[in-house]
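Chemist: Below are the chains, spelled out letter by letter.
Number of protein chains: 2
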Amino acid sequence: MKMTNSAIIPIRKPPKGGETVNHRLLVQGGFVRQLMAGVYIYLPLGLRVLDKIRQVIRAEMNTIGGQEILMPLLHPAKNWKTTGGWDNIDVLFKLKSRTGKDFALGQSHEEIVTPLAKELIRSYRDLPLALYQIHWKFRDELRSKSGLLRGREFEMKDLYSFHASQRDFEKFYKEVKNAYLKAFKKVELEAKVTEASGGGFSEKISYEFMVTTDAGEDDILYCDACEFCINLEIAKVKAGSTCPKCTQGKLNKAKAAEVGNIFDLGQKYVKDFGLEYRDEQGKAHYPIMGCYGWGTTRTMAVLVEKFHDDKGIIWPKSVSPYHVHLIDINQGQQGELIYNRLQNENIEVLWDDRSKAAGVKFADADLIGIPVRLIVSEKTKTNVEWKRRMETTSEIIDISSSIDRIKQLYNQL
Amino acid sequence: MKMTNSAIIPIRKPPKGGETVNHRLLVQGGFVRQLMAGVYIYLPLGLRVLDKIRQVIRAEMNTIGGQEILMPLLHPAKNWKTTGGWDNIDVLFKLKSRTGKDFALGQSHEEIVTPLAKELIRSYRDLPLALYQIHWKFRDELRSKSGLLRGREFEMKDLYSFHASQRDFEKFYKEVKNAYLKAFKKVELEAKVTEASGGGFSEKISYEFMVTTDAGEDDILYCDACEFCINLEIAKVKAGSTCPKCTQGKLNKAKAAEVGNIFDLGQKYVKDFGLEYRDEQGKAHYPIMGCYGWGTTRTMAVLVEKFHDDKGIIWPKSVSPYHVHLIDINQGQQGELIYNRLQNENIEVLWDDRSKAAGVKFADADLIGIPVRLIVSEKTKTNVEWKRRMETTSEIIDISSSIDRIKQLYNQL
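Protein chains in written order, with the numbering used here: chain A, 1 to 413; chain B, 1 to 413.
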């Protein structure tokens with residue numbers, strides 16, 4: 001992609017209302033624009049990052065047997081009245097049609113997926129069933145000031161599973177947990193599996209996947225010796241005390257952002273909608289249901305909070321909008337030649353072909369944060385200058401070597 | 001994908017309210033489920049078809065320089081009040097937040113893209129600008145009885161372009177028209193470019209891309225000798241009369257479905273939002289704006305209306321959910337062997353590995369409508385039986401030959 005293209009140009013001036021790092025840098029870098037509090041437009045660069053995050057999560061969901069579907073955003077009120085959500089969930093957006101019919105905007109999809117599963121599940125042979133989608137959600141938040149961390153409109157991956165037994169649910173739950181940890185590793189985030197409350201409808205403990213960041217809206221206590229981690233909301237221990245699990249380490253307090261979660265929904269929703277399956281003897285049972293969320297747009301925000309410096313964003317390579325940022329100082333033929341050659345190798349290139357000063361181009365590249373920068377200038381002749389975003393040194397290498405290095409860095413593409 | 005998988009199994013019983021062919025066959029084939037009138041769930045097979053339709057259109061939009069973005073679904077009322085749409089558009093869904101703020105649900109995105117373009121466009125150097133998205137829309141329709149043809153919630157590709165002059169707009173308009181015709185060819189639909197009214201805010205003529213089908217909600221008059229085609233709503237001629245364009249052919253009347261459209265929006269929206277650019281002399285002008293829609297979910301419906309027989313759907317190969325439907329009658333090792341071998345060749349396979357009678361499997365394959373069927377049975381030994389969905393004959397060939405044929409059919413994948 002060429003940067004003589006007004007939809008992907010960074011802006012110098014920090015945006016109004018940019019109280020958080022993710023909001024400020026994502027707007028300045030040309031990734032998003034705020035339409036209103038908690039509601040964002042995704043520009044070409046932002047959509048590319050979002051799509052890469054989706055792909056990382058989608059691959060793991062497919063590996064564990066999740067089947068991708070797409071559920072509507074506009075829901076009949078009836079479904080939400082069936083579960084009690086219509087009256088109990090204060091963030092539920094409600095609206096009326098011209099003819100007076102009541103609708104809700106999906107803030108989660110249990111109310112849609114459970115009646116769907118009721119159509120798909122007849123007998124024990126149809127279990128387990130795992131359906132997921134990557135789609136938008138709406139929440140009528142009173143306060144939306146954390147950039148992409150807390151949206152009125154945001155995207156998430158939501159997986160729902162149905163099981164013949166609690167034991168089968170527990171088995172699948174572990175598979176999802178491992179899939180999540182793999183996906184976190186791929187986007188270079190360290191997630192703490194945190195005990196939390198089960199939400200409005202459950203006495204059970206849920207698990208949140210928390211990434212420590214000062215921009216986070218949760219407080220967690222984590223052990224410095226073992227994996228124990230608990231949301232402060234439900235903790236019966238205090239910061240500084242000995243870990244109740246390993247009895248060795250000390251508990252530290254930290255701010256964290258919840259990127260994913262796992263709920264044991266038990267039989268709440270299947271009972272509400274009368275979803276039963278027949279066992280081998282033909283006897284009817286309610287299945288056990290689980291739900292597993294992952295915020296895709298929130299992941300983008302957390303990545304920016306974790307990976308930036310005072311010059312801009314530093315994207316992990318798995319979600320960088322492009323593989324390479326090509327900076328062409330002289331705007332000669334050499335830039336176009338390398339641009340075409342890299343593209344022929346299936347390398348994704350952002351080419352700064354603008355007639356701007358070198359300093360402007362370097363500053364914009366720092367803001368955008370692509371891991372590899374190739375510079376073409378008078379001094380590089382037929383070679384290129386190779387520089388990593390997080391390093392201060394550069395070196396001049398030939399073009400073939402740069403291609404080899406890029407392929408190696410991005411796992412042979 | 002294996003069919004021992006309850007989310008992709010066809011159902012025999014025609015659905016309630018399945019008045020149109022597309023609704024009935026898409027539900028029976030396991031592609032969608034209706035949540036309420038005009039609002040559908042996309043099951044794994046349906047999502048795959050939708051995604052292939054998106055890809056066909058996306059490729060053409062990128063080729064003409066369109067830049068993909070994603071705009072919110074929840075809009076501030078202010079934007080719609082600025083253009084007059086808040087009071088004039090009867091299908092606009094409106095809602096209030098808990099704190100009393102007014103929002104609209106996007107039924108189109110001129111109200112969002114124009115202020116965005118105002119931020120991106122400063123001078124003539126930033127023009128032309130072409131932004132598009134593939135995203136959901138909401139319309140408060142009084143009547144939603146044509147299956148996926150008229151949705152309360154539906155997906156479309158919407159492209160918006162901004163130009164320094166009417167002449168530049170006309171040039172780009174022709175490029176979009178050609179891109180559309182290429183995409184129609186790829187999905188094997190013949191579209192008639194039809195003169196229509198410019199909609200609520202324009203005296204100008206717009207162009208609709210109409211596909212003739214009895215399920216369509218429009219009436220068109222088309223010439224049997226030249227390309228002239230006009231929406232009956234604005235026609236000043238009658239069926240049977242001589243074509244006003246070529247003066248040779250006769251005008252025929254037909255039912256048609258509008259799959260795409262092109263509007264010359266002139267300066268309506270740019271004036272409403274005060275979007276100006278500076279020319280080379282620094283003088284301010286309003287650009288010319290165009291918008292170009294394409295219904296992706298509606299395309300799925302039109303394809304089913306056009307390509308089906310009394311047994312089920314017959315997908316064009318570019319949008320078939322899978323390349324091959326593998327039917328394994330004996331459920332022996334041979335089926336799995338071929339399944340793995342095809343997948344290793346990057347061939348997308350739907351494998352009916354269920355313990356069902358051959359007749360059930362053949363009937364389900366006919367309903368689903370994948371263009372190529374491979375059958376493994378006792379009589380095929382180490383070979384396979386090759387059958388096209390729209391042919392009645394089959395032949396036994398070896399597996400390598402079947403792979404060659406599949407690759408040739410799908411353009412080497």
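One should not assume that every hint holds.
Which copy is meant is left open, because identical chains are indistinguishable; a pair holds if it fits in one copy or across any two.
Simulated crosslink set (SDA-like; lysine to any residue; CA at most 20 angstroms straight-line) [claimed, not checked]: (1) 96 to 118; (2) 81 to 35; (3) 236 to 309; (4) 171 to 307; (5) 255 to 396; (6) 283 to 168; (7) 16 to 118.
By construction, these hints were calculated from the structure, which means they are not laboratory data.
Only a predicted model underlies this, so the values are computations on that prediction, with no experimental measurement involved.
Chemist: Each hint: holds or not?
Modeler: Structure-based check of each hint:
1. 96 to 118: neither (27 angstroms within a copy, 33 angstroms between copies)
2. 81 to 35: So residue 81 and residue 35 pass the 20 angstroms test across copies only (15 angstroms; inside, 31 angstroms).
3. 236 to 309: neither (37 angstroms within a copy, 66 angstroms between copies)
4. 171 to 307: Result: close neither inside a copy nor across copies, 34 angstroms intra and 44 angstroms inter.
5. 255 to 396: neither (42 angstroms within a copy, 65 angstroms between copies)
6. 283 to 168: Only inside one copy: residue 283 and residue 168 sit 18 angstroms apart there, 70 angstroms across copies, limit 20 angstroms.
7. 16 to 118: between (48 angstroms within a copy, 17 angstroms between copies)
In this structure, the earlier hints numbered 1, 3, 4 and 5 are contradicted, and the remaining ones agree with it.
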